[in-house]
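Number of protein chains: 2
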Amino acid sequence: MKLNSNYSNLKKNYLFIDIAHRLREYTSLHPDADIIKMGIGDVTLPLAPAVVEAMKRAADEMGKKETFRGYVDDNGYDFLINAIKNYYSGFGVDLDYWEIFVSDGAKSDLGNILDLFDSDNTVLVTDPVYPVYVDTNVMAGRRIIYADANESNGFLPMPDRSVRADLIYLCTPNNPTGAAYTRAQLREWIDYAKENNALILLDAAYEAFITDPDVPHSAYEIEGARECVIEFCSLSKTAGFTGTRCGYTIVPKTLKADGDLNAMWLRRQTTKFNGVAYVVQRAAEAVFTPEGQKQIRENIAYYQQNAAILMSGLDRCNIKYFGGKNSPYIWLKCPGGMGSWEFFDRLLNEANVVGTPGEGFGKNGAGYFRLTSFSTHEKTTEAMERLYRMLKG
Amino acid sequence: MKLNSNYSNLKKNYLFIDIAHRLREYTSLHPDADIIKMGIGDVTLPLAPAVVEAMKRAADEMGKKETFRGYVDDNGYDFLINAIKNYYSGFGVDLDYWEIFVSDGAKSDLGNILDLFDSDNTVLVTDPVYPVYVDTNVMAGRRIIYADANESNGFLPMPDRSVRADLIYLCTPNNPTGAAYTRAQLREWIDYAKENNALILLDAAYEAFITDPDVPHSAYEIEGARECVIEFCSLSKTAGFTGTRCGYTIVPKTLKADGDLNAMWLRRQTTKFNGVAYVVQRAAEAVFTPEGQKQIRENIAYYQQNAAILMSGLDRCNIKYFGGKNSPYIWLKCPGGMGSWEFFDRLLNEANVVGTPGEGFGKNGAGYFRLTSFSTHEKTTEAMERLYRMLKG
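Line by line, the protein sequences are chains G and W. Going by my numbering, the first sequence opens with residue 106, and the numbers climb by one from there. Going by my numbering, the second sequence opens with residue 106, and the numbers climb by one from there.
Derived by calculation from the structure, the hints in this document are not laboratory data. Keep in mind it's a predicted model, so treat the numbers as computed, not measured. Fair warning: there could be bad hints in the mix.
Listed below are several chain W residues computed to face chain G (Cβ distance under 10 angstroms; list not exhaustive) [stated by the list, open to error]:
(1) Pro154
(2) Thr172
(3) Phe173
(4) Ser213
(5) Asp240
(6) Asn255
(7) Pro264
(8) Ser267
(9) Val268
(10) Asp271
(11) Thr349
(12) Arg372
(13) Val385
Computed cross-link-like contacts, BS3-like style, restricted to lysine-lysine with a CA-CA straight-line distance of at most 27 angstroms [as the list claims (entries may be wrong)]:
(14) G/Lys107 <-> W/Lys107
(15) G/Lys107 <-> W/Lys358
(16) G/Lys170 <-> G/Lys190
We treat Cβ as the ideally placed atom computed from N, Cα and C, and that holds for glycine.
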């Protein structure tokens, strides 16, 4: 048989392997070091009580003949789809029931959606970039072009009319930079996509961290988005579902394309996917109840307080940064013109703090560094104190 | 953007839509009819108590900071991978830890595995066929050839040396026919695959229903399989997980190919999948405990008793059938030379029993009919009694 030769074009992503290696080396030499980890973008607070209770109730239902559930419905259970529909109403967005697809997370669908497109398409991603957007397209042999995100545009590149793209990935609020498009900026991208008969794949995984009223929670708040945006969201960061796996993908029926993308996606999913577990869909439903919303908002507020601690710590050190305001990520400019890895090594060796070197996300990440707000208040405060002492020397 | 034009070559699968339509029509005319449904291949018995308890314990863990789990490990949690490894040991099969990938069901992985192969491959499927094997390859534009399964070969086609195939789908015990390859028969397919540098994608979703000692539970019981077989299994039918979603895929490190398929699959999964929920993996682990095995075996035995009721009922009617012995499916030859849909209509109208017309699974299904053993003893017995009375006229 012939293999998919595009796989040989994948770059091995050494970033987190390198980090783990350097960390292991350091701790083997300094076994008693009190390391503070602010590198990996995984949540730490437990599932909300309302979510746990819903999951346990659902497990009990699955154990009784009268309430047992077999194969999951096509695009998700109605109780969850209606909860998501209602959540979008809160942003003033009216979705059709059949435009909402329950997923096992944004990452799966961001990759799987590509099944619907020819390999002969030009894909636009920003640099720095969440590597999954690149790798999934390399696997299919698509041309990839980059839009530079840098200090001069606040890590929010705007469309370049001289460039032609077919599929455009936007992650807003952004991983890794934490920068978020305003309504006016996103409208420019939507206009560009419409002019180019292009499609925007919008990763809204960090939507729940938005605090700025000018930053939209959904692209569909903006006119024209229903013609050219597929939106992916996840409960991973919203409700601590990184290990519970549930999200949702919005495929409007009004997308402009040479075929019915909504119908194609339903066909793709019913052919290659069997839905999300009943217990998980019940857990997700609980996120959208008033009680669930109150509980998850407390967790998000906790992380946001960490972001505030990071921001004031960096201000104190006179370090420039992006993100934090609408995002759990802080993207800082390495002080003193240090390179990403140079700063990583100093921070590890001198302050025992671990973060993520920006250049792991692309060339424009060189000289930048990502910190996450998923630690505790105490450790976050301590990390900033150590950074201050390190730089003060 | 350019769409994947292969989607326009997909045939709409009207089978279950047609069935639902005819059923709806009948019940609207006969609202009080006592319909017995033996059509859809979904389980009906609840999750085993050990599974429910494990899921609830895991939900509690997810609700406490100390035991909360974030992102799932690469190919699954070690507790589940080791349980699966141990289960295979029971068949005399020794798998490497990194050859086992926890999935959200066989269907997903049977489709997604195709990412690893070029579209320029010839795919061999049997006819009748589980439609997913065909549709997933049509979506990628691969050539599909058919091996005829029919009465003369007991619905177990053997390899034809004059035919060249690259990817071979075998479902054993089979959906829809219930027929299962013996060790000797499967060895012939393995020999054929090796001669052709082909790969067998073996769907073992019904493995737990095997009673015949000559029928292998895993292809890896047979010499040479580790060079040419990827095996897909699921807890859907084994443990009633159709609505809970967990399975496993075995990708040997010793497969003969022009690249490392095991490494490619790990790369595919870590890029396009985020693993199975912790609570679901704990539930799956419970299936493999002595207590869990005892409980799920009781459920399987219940379905097997239904299969026995179906088989003796068909014997009484002098109807020829396949399957049932190693499978929850009975594949019967429609009596009196009736066509599949003709028999469907008579059975619905005269006996108020719903099954699945064989021709929905391919041309060789014409004149055949599938019944499932997932109903209750009482309804299964009653269905056979009604069939007898109908035919006796």
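Do the hints match the structure? See the list:
no.	hint	verdict
1	Pro154	holds, 6 angstroms
2	Thr172	holds, 8 angstroms
3	Phe173	holds, 4 angstroms
4	Ser213	holds, 6 angstroms
5	Asp240	holds, 5 angstroms
6	Asn255	violated, 26 angstroms
7	Pro264	violated, 15 angstroms
8	Ser267	violated, 19 angstroms
9	Val268	violated, 15 angstroms
10	Asp271	holds, 4 angstroms
11	Thr349	holds, 5 angstroms
12	Arg372	holds, 7 angstroms
13	Val385	holds, 6 angstroms
14	G/Lys107 <-> W/Lys107	holds, 25 angstroms
15	G/Lys107 <-> W/Lys358	holds, 17 angstroms
16	G/Lys170 <-> G/Lys190	violated, 30 angstroms
Of the numbered hints given earlier, the model fails hints 6, 7, 8, 9 and 16; all others are met.
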